[in-house]
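Trainee: Please work from the sequences and hints to get the whole structure.
There are 2 protein chains.
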Amino acid sequence: MLDATTEIATLTIEDMRAAHDRIRPHIRRTPVLRSDYLDTLTGARLLFKCENFQEAGAFKVRGACNAVFGLDDETARRGVATHSSGNHALSLSYAAGRRGIPCHVVMPRTAPEAKKDAVRRYGGRITECEPSTSSREATFARVQEETGAEFVHPYNDPRVICGQATCSAELLEQAAEMGATLDAVVAPIGGGGMISGTCLTLSALAPGVAIYAAEPEQADDAFRSFKAGHIIADDAPETVADGLKVPLKENTWHFVSRFVTDIQTASEAEIVEAMKITWKHLRIVMEPSCAVPLACILKNPETYRGRTVGVVITGGNVDLDRLPWTL
Amino acid sequence: MLDATTEIATLTIEDMRAAHDRIRPHIRRTPVLRSDYLDTLTGARLLFKCENFQEAGAFKVRGACNAVFGLDDETARRGVATHSSGNHALSLSYAAGRRGIPCHVVMPRTAPEAKKDAVRRYGGRITECEPSTSSREATFARVQEETGAEFVHPYNDPRVICGQATCSAELLEQAAEMGATLDAVVAPIGGGGMISGTCLTLSALAPGVAIYAAEPEQADDAFRSFKAGHIIADDAPETVADGLKVPLKENTWHFVSRFVTDIQTASEAEIVEAMKITWKHLRIVMEPSCAVPLACILKNPETYRGRTVGVVITGGNVDLDRLPWTL
Chain A
1 MLDATTEIAT LTIEDMRAAH DRIRPHIRRT PVLRSDYLDT LTGARLLFKC
51 ENFQEAGAFK VRGACNAVFG LDDETARRGV ATHSSGNHAL SLSYAAGRRG
101 IPCHVVMPRT APEAKKDAVR RYGGRITECE PSTSSREATF ARVQEETGAE
151 FVHPYNDPRV ICGQATCSAE LLEQAAEMGA TLDAVVAPIG GGGMISGTCL
201 TLSALAPGVA IYAAEPEQAD DAFRSFKAGH IIADDAPETV ADGLKVPLKE
251 NTWHFVSRFV TDIQTASEAE IVEAMKITWK HLRIVMEPSC AVPLACILKN
301 PETYRGRTVG VVITGGNVDL DRLPWTL
Chain B
1 MLDATTEIAT LTIEDMRAAH DRIRPHIRRT PVLRSDYLDT LTGARLLFKC
51 ENFQEAGAFK VRGACNAVFG LDDETARRGV ATHSSGNHAL SLSYAAGRRG
101 IPCHVVMPRT APEAKKDAVR RYGGRITECE PSTSSREATF ARVQEETGAE
151 FVHPYNDPRV ICGQATCSAE LLEQAAEMGA TLDAVVAPIG GGGMISGTCL
201 TLSALAPGVA IYAAEPEQAD DAFRSFKAGH IIADDAPETV ADGLKVPLKE
251 NTWHFVSRFV TDIQTASEAE IVEAMKITWK HLRIVMEPSC AVPLACILKN
301 PETYRGRTVG VVITGGNVDL DRLPWTL
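So the sequence lines, in the order shown, correspond to chains A and B.
Numbering of the first sequence is given in the UniProt record's numbering, commencing with residue 1 and proceeding in unit increments.
Numbering of the second sequence is given in the UniProt record's numbering, commencing with residue 1 and proceeding in unit increments.
A couple of the hints might just be wrong.
For chains that are exact copies, the list does not tell them apart, and a pair is met inside one copy or across any two.
[To be verified] List time: in silico DSS-like cross-link candidates among lysine-lysine, alpha-carbon distance up to 30 Å: (1) 299 / 276; (2) 227 / 280; (3) 249 / 227; (4) 116 / 227; (5) 116 / 299; (6) 245 / 227.
No wet-lab data here; the hints were simulated from the structure.
Computed from a prediction, not measured in an experiment: that's the story for all the values here.
Mentor: Set out below in structure tokens:
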């Protein structure tokens, strides 16, 4: 059984398969949508894997469920814990709720009330910290000591990466059901959990499929890491694609450095434009982060023209009162 | 072969099946989505049939494709025509484009440019009229005389009703695939095309399934017709659910009066609230009209609690710069 300290290089496609069997009762096989209009616009055949339709609104339920349902009963009883104010906190709360165990979430007291409410709706127990790294670390250490809860990192955890890897396994199957063969997959990159899972699956099951990571220009630490050959972490990047601000870590760097074909970037305006185009023509509610791949496809037509391209729509938790094109 | 003058009482489930075979290459078998959150909120098990994911953004492509692809070659060559500034005009343009024949659309010159652009994007040829019934009728008569195009009414045409009927046939199949058995279906009612198709299919294939029509309080002519036992047509109702302003006609009244279980209504505020809830928790872009069913479900919990309910999401063509909760 995997745990948080499993050596990343030992993960195999069998770990992905075991994860898929473990989480299948708790996740959705989300639909793949397409649009003649977007195909004409890009000159490619785009297959959008809509992880925004997961119950908790993001692919992160896959990794969270794999971590939670892989725990032995004694460990599980003490619960799980994480520090995140985003989709991982929601997803871990959702997964823990499905297993009936506690989920402790350390969040800055300044996080939006809507995000706190969403975590609580899924049963997560919030401990507030000050909005600084030192306060977060100290608070988290205290929560962990008091509860004995198992830490589940949002993306650097091998169990999480194996869970995210199930997404592209489904995408391969669904493309085949649609009579298509993927030439490439594009996914957004923040900490690299989704991209790492994509690498784990495709390198084994479809090694000919190119893997592109899409990143905001204003948070391009993965792009610069990829070019430099080592991890570069920014301090506090600012981008509308707020799910993508976090840096790579050693376990995701393992996959990014070995299996990613290229990393492309897009400007803030290009991201917002691609987001609005997708809402209008695919008619889905998705986060700005999910628009970075289409922005990169529109910006680099020579990479994608004439090819069948899987695009991962990573999440759909947005503030409907503050859409970026209305601000 | 059906035509615009086919006696409505002669339609059978075989006409629906023939329509489905005819249009299958041109439409999508749209996914059925669900949400634990919405199920908990309503106490029902809701299956949302997402016709907003049709290429032209609405179920109306089903009826339009059935009409267009059922024409003999000589008639088809002269094209089709309609007067509509909404989803039927888009859908008929889309269908005609797939067959490579002209589609003439008479629209008020005051219609929003975005709607005119969308019709043109699908190849529709617009003739503008003044925004009055007399101008529309005179202009339409002239276009038809000049072109010889076949008139396809947005909902009173038997070919259109048979096309719309394919939607609930798919919903029945998809519910079964999900291990569910429908107790009821709720769809919005305007002119009654979708509801009539639903009646045609369910009365034959699943007569035990209750059929509810959902209507805005401020455009409740179908509700009042249903109670009175004859068609009552309002002059110019005003509602945020702008797809639902049109009155019943004799062919849709045939089905509504015979097969509908009940018609329920919701206020403007209830519609907008249900729309926002669906965008947030189902994470789809849909029109205000599609929110009327959920608004009625929330308002009449005793009708739906504990039941498995199909909800037709009819379309997703909205102005993203003018969402009703931001106005």
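Trainee: Now look at each hint and say whether the structure bears it out.
Mentor: For each hint, the structure was consulted:
1. 299 / 276: Within one copy only: 16 Å inside a chain, 32 Å across chains, cut-off 30 Å.
2. 227 / 280: neither (35 Å within a copy, 38 Å between copies)
3. 249 / 227: within (16 Å within a copy, 66 Å between copies)
4. 116 / 227: neither (37 Å within a copy, 47 Å between copies)
5. 116 / 299: between (36 Å within a copy, 28 Å between copies)
6. 245 / 227: For residue 245 and residue 227, the Cα distance is within 30 Å only inside one copy (18 Å; across copies 58 Å).
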